[in-house]
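K.L.:
Modelling step: build the complete structure from the supplied sequences, incorporating the hints.
Now for the letters of each chain:
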Amino acid sequence: MKLLTCPINGTRPLSEFIFGGEYRQAPDQNTCSDAEWAAYVHNRQGAPGDKKEWWYHSPSGTWFIAERNTQTDKVARTYLLADAKKVVKESK
Amino acid sequence: MSLRNSYKPGEWINRAKEINFTFEGEAFTAFEGDTISSALWAAGQKVLGRSFKYHRPRGVLSLANHDVNILMTDGTDTNMRADVVEVKDGMTLQAVNTIGGVKKDKNNYIDSISPLLPVGFYYKAFHTPRKLFPFWEHMIRKAAGLGIVNFDYPRILKRKLHTHCDLLIIGAGPSGLTAACKAASAGLQVTLIDENRHLGGSLSYDHGGHKVSAEYGEDLLKKIESLPNITVRVGAYAAGYYPDHFIPIVETGGITKVRAKAVIVASGAFEQPPVFRYNDLPGVMLGSAAQRLIYRYGVKPCHNGIVFTANDYGYRVALDLLAAGANVLAVVDLRAGGNGGLHNLELCKRGVKIYAGHCVYEAVATSDKSKVRGAVICAYDDKNNVALTDNKFTVDCDGIVMSAGWAPAAALLYQAGTAMQFDYDVQQFVPSRLLDGIFAAGKVNGIFELDQRMRDGERAANDALNYLGKLAVNTNAEKHSGGAPSHAYAMVPHPKGKNFVDFDEDIQIKDFENAAKEGFDNIELMKRFTTVGMGPSQGKHSNMNAIRILAKIRGLPVEKIGTTTSRPFFHPTPMGHLGGRGFHPHRLTSLHDWHEAHGAVFTDIGAWKRAAYYPQFGQTKADAIQAEAMAVRKSAGLIDVSSLGKIEVHGPAAAEFLERFFTGKYANQKIGTWRYTLLLDEAGVVVDDGVASRVADDLFYLSIGTANAAMVYREMQRCQQEWRLDIGLVNVTGAFGAINIAGPAAREILSSLTELDLSTEAFPLGHFRETTVANVPTKVIRASFVSDMAYELHSPMRQVPQLWNALMDAGKQKGLRAFGSDTQRLLRLEMGHTIPGIDTDGLTNPYEIGAEWVIKMDKPYFVGQRSLSILSKRPLRKQLVAFTLAANFKGEVPLECNLVIDSGEIAGRVTSISYSKFIDRIIGFAYVAPAKKAVGSSFDIRTDNGLLVAATVVATPFFQLQEA
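Protein sequence lines, in the order shown, are assigned to chains A and B.
Take the position in the first sequence, starting the count at 1, then add 133; the result is the number in my numbering.
Take the position in the second sequence, starting the count at 1, then add 422; the result is the number in my numbering.
It is worth saying that the hints were derived from the structure and are not from the lab.
Do not take every clue at face value.
To be verified - Take a look, some chain A residues computed to stay more than 10 Å from chain B by CB distance: (1) 159; (2) 182; (3) 185; (4) 211.
Stated by the list, open to error - Simulated pairs of lysine-lysine, BS3-like, Cα-Cα distance not exceeding 27 Å: (5) 892(B) with 207(A); (6) 525(B) with 185(A); (7) 207(A) with 679(B); (8) 207(A) with 683(B); (9) 580(B) with 135(A).
Just so it is clear, CB atoms sit at the ideal spot from N, CA and C, and this is done for glycine as well.
P.N.:
This is the structure:
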């Protein structure tokens, strides 16, 4: 069974986690066109590669972001959404 | 004519302890530590089993857990592998898959008609006419079964364990042992496993007539013993590889799931048989099997043997045979130049005749066909794969020991995503790219010389140490030196065939040729058509030869053929190891015992067990539901709704959170009132609904339908991660239970237990109050989901039974009774309320269910708002309507999901439908074309049997039908 690292609770077996889909930034709903919004709502980039994903540690109720390569199934890092900016800055 | 030798150090048997057992009625003796096969072989019993398809006699082949023609039963267990299962005192053994025992198997006639049973025969012969297939299937299964399942099998519980280690080493041969010593010396916690009973791997049998390897083995074992941080598990096999180094280890007593930080696969290689006519006769065995017999069990493989080799290994085996006191009449080397290096010279010196560039053209059977009595030898053109039979000659012998090469035991490596490439220097698939933390060492890595294997083990340990962040030097991988350990094509053609490639399924070379001719010339197709590798050994001694044959047929290099997929489990694993407790948690309300005591039928909703209805005195489900519903309509009913999701939203921004999360408005909601909540997803699809009670300016109490509660709470948490409002979410689902009391008598019953003024003026619909009922602190919500007169009572979960019992007592005289969740569904239908997930699906938008009233588009934002702004501009495609069938409808009643048909086209479907005894009509919800949504218009529903039933759109609640 795969392991995943919750930023709060540490490394736990995958059975404790729930997948929450790809993390995507919504376009500004007040300025975007109908087509842009529809594309955001309905289209997903299915090509394998590095993805930011929502994951939920079920026993503790922790949502976090996992950067995972969907081809190799390797998780580069995980962090809370609130720390996303910090993480991006650190990696630069 | 015993073949047992005298004592030699290192053997696995205890000669001090004799064991008695019977095989097919005949008494045998053995030593403690003997396997069934070694004991029988020592006694001169050479026919140990019969083959699966042709019922040909078979003896020892590998003695390494791959002798799948030698399956036995002791009356309890079946398909025991005699080549590795230890014989026990008093065992009464039978071979499986025979009629009348191995010696006189009545099915042996099948062998003589084998030309009539070509590969694919069953597929073609018996599939038409279809109605006869069950008959043929019965016959085939009887003729070709493997053992009989014992239905009186005792219940044997197998333990399940979890364990962790730094480094898991699979295989305790020279490379695995060296790696374990190295890694443990560097401080790692090492788990070392081997499927054999003792450590050592080939060190315990591959001696080449000398003692060097045995001495190496002793040194290594001493070192292993001296290192406390090595955990050794013998008689244990790694059954599969799962992500992040999660490996189930199977032992007799149970399964241990090991989570390792790194893994070294030192699983070795399976010796592969050369293919020639009658290579399956008892007495013809693999070189490594002969060595195992000699050194582990002190048993001579034969008296007068011939070694048929296609590599240098056969020369080592010949020396071991001599050391065991057997005569070696000839070493027949398929290779034009022969070789064997120093071993060759030694054999020559000892007078063994060596025939280079020769082959065993066929083995010769005794007159009763039960064992080998000679070998026909002739020259062989290795380049063109032709036997030159002009000067063939026969040598009498009672054993042919064969060495042609190896196939890596790479199943775990494949499962771990290892890329393998074919290395022509060793004529073997070897790992070319390994995933992080997985290392291969030894024969599985294409390294065969003993000293090289030990260095490769050390190299792998160093690689693992580096991977685990410990500095280690010398990680240079060596290449195999010397000739190829495996022959490129050790298969001698013979016009009469019976040259077996797969012993599990009796597949000969010509079967592959025929399969290819019929177009099954891809390895996966060929596997399925010929069934090669599909027997109990899963191709461990046949897949590699199958690949080589296919490569030759297609004129392609071996690596272009590819290999079949390796899946867990590596080895047949008894069901007992896999069976166990299910881990499906379910939740019970505090009233569960009451429901059980009152005969409730339970249903699973979300994670909860809910009482669905309470059948009385043999009532049918439908009768029980109608009776409970009538009670609610005529007097009062009580339902346990403790499974409702209950969430508190605290904080100054609580109302703002709700307004962003749900479609409605909550900022101006008065304290002491509740409002309906509707949740959409970003696409504007209806997800769930519920009730939000405003307890204080900064506190809302939400109740959410049972099935979606966990998901809705999760979604709230995620939105809060993004919105970061000044709120806190508390899931109080388990902390509070809830009861709904509904029906005309509900108010009267409730008022007897509380001081709260329940009059409509003081406590109207849409309000809630906090009070005590029967001395239990209770939040009373005046909702109307199942009845216009209903109160939802939320109380601390543990006090709910007290409240429930008090209500039951108070209502006894008023006809109060319990009703279940199935009845609740009928009641809400009568009220005209929809349920998301039942009356909606993954595409339903709120306009389609007439929920415009709760959508406040003038808010700055809510989930799904932007999508609704698009959807609202478009014409509706379908509309949910309430309908009824004709009064006194007597035909076939439509079911949920039956289609609504409009001029022959599908226009929608029925989402809810039920007979209501109270209304005395069949009522329901259905999606129809928007043009048909007006009250009074009619549409057709197609039943399961294809009848069209007319339905009429009506207004809700359905009670109006009563007057009509």
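K.L.:
Run every hint past the structure and note whether it holds.
P.N.:
Each hint tested on the structure:
1. 159: It is violated; residue 159(A) is separated from chain B by about 7 Å at its closest Cβ, not greater than 10 Å.
2. 182: 17 Å, holds
3. 185: 13 Å, holds
4. 211: 14 Å, holds
5. 892(B) with 207(A): 22 Å, holds
6. 525(B) with 185(A): Since the Cα atoms of residue 525(B) and residue 185(A) sit roughly 66 Å apart, the hinted pair is violated (cutoff 27 Å).
7. 207(A) with 679(B): Holds, at roughly 22 Å.
8. 207(A) with 683(B): Distance ~15 Å between residue 207(A) and residue 683(B) Cα, so the pair holds.
9. 580(B) with 135(A): 24 Å, holds
In the structure shown, a violation is registered for the earlier hints numbered 1 and 6, in ascending order.
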